[in-house]
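Taken in order, these protein sequences are the chains called A and B.
Residue numbers 1 to 367, in the working numbering, belong to the letters of the first sequence in order.
Residue numbers 368 to 769, in the working numbering, belong to the letters of the second sequence in order.
Everything labelled a hint here was simulated from the structure, so no lab data went into it.
The reader is advised that the hints may include incorrect statements.
The list that follows gives simulated cross-link-like pairs (lysine-lysine, DSS-like), each with its CA atoms no further than 27 Å apart [what the hints assert, rightly or not]:
1. Lys248(A) - Lys507(B)
2. Lys754(B) - Lys263(A)
3. Lys738(B) - Lys754(B)
4. Lys763(B) - Lys263(A)
5. Lys210(A) - Lys533(B)
6. Lys730(B) - Lys217(A)
7. Lys753(B) - Lys259(A)
8. Lys123(A) - Lys763(B)
9. Lys451(B) - Lys507(B)
10. Lys248(A) - Lys753(B)
11. Lys451(B) - Lys524(B)
12. Lys524(B) - Lys695(B)
13. Lys720(B) - Lys533(B)
14. Lys720(B) - Lys730(B)
15. Lys763(B) - Lys248(A)
16. Lys738(B) - Lys543(B)
17. Lys256(A) - Lys753(B)
18. Lys695(B) - Lys720(B)
19. Lys159(A) - Lys127(A)
20. Lys103(A) - Lys123(A)
21. Lys217(A) - Lys753(B)
So, partial list: chain A residues that the calculated Cβ filter (under 10 Å) puts toward chain B [stated by the list, open to error]:
22. Thr55
23. Ile211
24. Arg214
25. Glu218
26. Phe223
27. Trp236
28. Val250
It should be emphasised that the depicted structure is a prediction, and the values quoted were computed from it without experimental measurement.
Just so it is clear, CB atoms sit at the ideal spot from N, CA and C, and this is done for glycine as well.
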Amino acid sequence: DTSLAEVNSLSPSMPISPSSMINQYKFEDEPEIRDLFITVDDPESHITAIETFITYRVVTKTSRGEFDSSEYEVRRRYQDFLWLKSKLEEAHPTLIIPPLPEKFIMKGMVERFSDEFIETRRKALHKFLNRIADHPTLTFNEDFKIFLTAQAWELSSHKKQGPGLLSRMGQTVRAVASSVRGAVKNRPEMFTEMNDYMETFSQKINVLDKIAHRIYKEERDYFNEMKEYGPIHTLWSASEEDIAESLKGVAGCIDKCCKATEKRMAGLSENLLPILHEYVLYSEILMGVLKRRDQIQGELDSKVDALANKKTEKDLFSEEIGKLEDKVECANNALKADWDRWKQNMQCDMRSTFTNVAENNLRYYEE
Amino acid sequence: MEDCLARKMEITVSEAEKRTGRNAMNMQETYTAYLIETRAVESQSEGQCAPVDSLWRRYSEFELLRNYLSVTYPHIVVPPLPEKRADFVWHKLSADNMDPDFVERRRIGLENFLLRVASHPVLCQDKIFYSFLTQEGGWKEMVNETGFQLKADSRLKALNATFRVKNPDKRFTELKHYSDELQSVISHLLRVRARVADRLYGVYKVHGNYGRVFSEWSAIEKEMGDGLQSAGHHMDVYAASIDDILEEEEHYADQLKEYLFYAEALRAVCRKHELMQYDLEMAAQDLASKKQQCEELATGTVRTFSLKGMTSKLFGQETPEQREAKIKVLEEQIQEGEEQLKSKNLEGRDFVKSAWADIERFKEQKNHDLKEALISYAVMQISMCKKGIQVWTNAKECFSKM
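Modelling step: build the complete structure from the supplied sequences, incorporating the hints.
Right, here's the structure in full:
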């Protein structure tokens with residue numbers, strides 16, 4: 001039971017007051033001085049007899065004491081990232097783990113190993129690791145450290161340890177069971193609010209994502225037509241004498257407009273589209289987190305019910321219940337703190353990204 | 368230009384109305400009638416306004432007028448009418464002739480046509496044109512009485528001449544090439560412009576969706592709510608602005624369209640020249656062959672093979688009296704022919720001279736008009752960008768307050 005163990009290691013005295021725990025997880029207002037810098041780059045493809053896959057270079061620079069060295073360079077493939085994510089989710093079921101880029105885009109436009117796809121994925125992976133590094137709790141996770149520092153063979157042997165497939169399946173079964181049971185009875189108001197918010201947010205962000213893609217597509221179509229528009233004027237100027245110069249001038253301006261449109265499109269695809277997509281994924285993650293929290297609470301509730309029915313083994317149970325209550329409490333607080341943090345981040349991101357879009361459009365029109 | 372009708376008279380096509388009536392085959396039809404208002408421009412004393420005369424005409428009457436002018440003044444580049452059916456439409460515009468926007472643009476085009484004719488030094492003096500503007504009843508009959516339809520050259524004749532003419536004036540040949548190029552390039556341009564307009568419309572309108580989602584999203588946000596809401600409003604403004612922008616662009620497209628149709632008018636003049644030239648060449652050829660025939664008969668030598676000659680050789684020569692008679696007839700014909708040729712030559716030269724004068728006038732008009740059109744297009748684009756800057760500056764402010 002790793003989460004309880006963590007809590008115990010941080011504060012040795014019992015009982016733990018809820019408020020002190022919130023402080024543990026609270027995001028500090030002052031900007032942290034970063035001591036962990038990660039980059040993901042240099043995709044390389046590897047061909048074996050069985051499969052072809054891409055590895056990315058992960059470079060870490062740090063000044064932290066717990067790291068043996070100050071610089072690390074390793075190569076990781078997508079599977080390794082998946083592993084890291086699931087380990088983090090296991091260890092911190094109610095913390096918000098950043099999203100990973102999807103396994104495979106079904107949109108049909110992007111081929112599995114096209115340059116565009118690889119580049120988009122690389123950027124998303126880079127973001128993923130950096131978000132973990134920025135998280136006050138996750139950044140100290142042991143598996144995270146191993147991910148950043150271990151050599152390939154070290155990593156695979158480490159991966160083989162840890163809870164097996166069966167226990168993970170058990171978790172999933174319990175999760176499904178609890179979700180089938182429906183809304184948890186004693187869910188604190190705060191989390192119901194969160195749930196409602198997430199539902200609406202998820203809806204809206206998905207729509208926004210679609211709109212942004214649609215705009216990109218329309219702009220691209222516009223650009224394609226514009227490309228033909230300018231040269232016609234040049235062609236015309238060849239038949240004219242008096243107005244030839246004016247026509248050539250118009251042709252030149254239209255071509256400039258074309259270039260400006262290209263820039264605008266690039267701005268969209270580099271900035272707005274990836275962020276919207278990330279938050280689409282985030283909304284899914286958050287729904288998952290909320291479910292897990294409900295699940296933990298469900299465990300507590302069922303134990304409490306059981307206690308009410310079996311008055312005899314009261315003492316034993318109370319301790320267990322006590323532990324579970326703490327667990328729930330922790331989970332709740334972790335979630336709340338993280339939630340606030342996430343929202344702030346989201347706000348910031350949205351703000352900057354839309355401002356960016358606006359700026360791009362300004363630039364476009366000024367040109 | 369001082370004597371132009373346009374200077375003496377204010378002409379407007381001020382209204383358009385849907386009418387129903389019966390056509391020539393006594394079937395019911397719907398058509399649009401246009402109100403033409405005219406008012407004499409005199410030096411106004413005491414600020415008195417001259418009375419306004421008005422009458423209604425439909426598109427087919429305009430067509431009749433133009434046909435009359437083209438036939439009666441073949442050396443003039445006659446201004447074109449606005450299109451009969453809507454062409455080069457992009458998706459928002461309808462191709463329906465009854466659509467109010469189309470009718471409105473056609474009204475403007477018809478007014479433009481009348482103004483152009485009225486400002487033409489030759490055309491404005493035409494009586495039929497004047498009565499088109501002033502006499503409601505009986506105008507059609509008046510036009511038909513001129514018998515202009517008889518003077519019209521058949522299409523087939525014209526086509527034939529184009530292929531067979533040997534020595535057309537080089538300038539006309541060049542002009543024909545130019546008008547072909549002009550027509551092809553302008554129609555290409557209009558087609559692409561329509562597509563570009565369509566796409567631009569799409570870009571703007573999708574931004575409107577932002578407005579709705581932002582406002583829904585702002586409902587669940589505390590700090591971001593206000594910023595989102597106002598930004599959404601600006602997105603709506605942005606999306607709505609495209610309608611006016613594209614409407615203005617339609618006017619620009621119409622200006623180009625006029626010159627697209629002018630190309631056809633240019634070609635008509637060239638065709639007339641080719642026809643006249645061909646006629647001339649045929650007449651000259653005919654004269655030459657008659658002269659030769661005459662010579663042969665007179666000298667008795669047969670230089671060219673002819674069935675008649677053959678038969679007369681086989682079945683006996685003709686009598687000297689018969690020959691004398693034939694020669695006399697031929698000599699008369701030759702005399703006639705020479706006179707005809709002279710007058711045709713003169714006609715041809717006159718035509719070339721006056722046609723070329725009008726073509727020069729047209730060229731100047733075209734260059735001036737197209738330059739102005741291009742300038743106004745540029746101005747439109749600048750204004751569009753300025754609007755865009757304004758909207759996005761506002762949006763940016765809203766976003767930064769989120």
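Query raised in the report: Given the hinted pair Lys720(B) and Lys533(B), is their alpha-carbon gap at most 27 Å?
Result: Roughly 20 Å separates the two Cα atoms, so the pair holds.
Query raised in the report: Under the criterion that the straight-line Cα-Cα distance not exceed 27 Å, is the pair Lys217(A), Lys753(B) satisfied?
Result: 24 Å, holds
Query raised in the report: If you take the shortest Cβ to Cβ gap from Glu218(A) to chain B, is it below 10 Å?
Result: 4 Å, holds
Query - Pair hint outcome, Lys763(B) versus Lys248(A) [Cα-Cα no greater than 27 Å] - result: The given pair, whose Cα atoms are some 35 Å apart, is violated under the 27 Å limit.
Query raised in the report: Do the alpha carbons of Lys159(A) and Lys127(A) lie within 27 Å of each other, as the hint requires?
Result: Roughly 23 Å separates the two Cα atoms, so the pair holds.
Requested in this report: Sort out whether Lys123(A) lies within 27 Å of Lys103(A), counting only the CA atoms.
Outcome: 14 Å, holds
Query raised in the report: Does Thr55(A) pass the interface check with chain B, least Cβ-Cβ distance below 10 Å?
Result: 38 Å, violated
Query raised in the report: For the pair supplied as a hint, Lys524(B) and Lys695(B), is the alpha-carbon distance within the 27 Å limit?
Result: Outside the cut-off at roughly 32 Å; violated.
Report task. Would you settle whether the hint for Arg214(A) is holds or violated, based on the nearest Cβ-Cβ distance to chain B being less than 10 Å? Result -> 5 Å, holds
Query - Restraint status (C-alpha distance of Lys738(B) to Lys754(B) at most 27 Å) - result: 24 Å, holds
Query - Hint consistency between Lys123(A) and Lys763(B) [alpha-carbon to alpha-carbon, up to 27 Å] - result: 26 Å, holds
Requested in this report: Take the C-alpha atoms of Lys248(A) and Lys753(B), compute the straight-line distance between them, and say whether it is at most 27 Å.
Outcome: 23 Å, holds
Comparing the model with each earlier hint shows violations of hints 1, 5, 6, 12, 15, 18 and 22; every other hint is respected.
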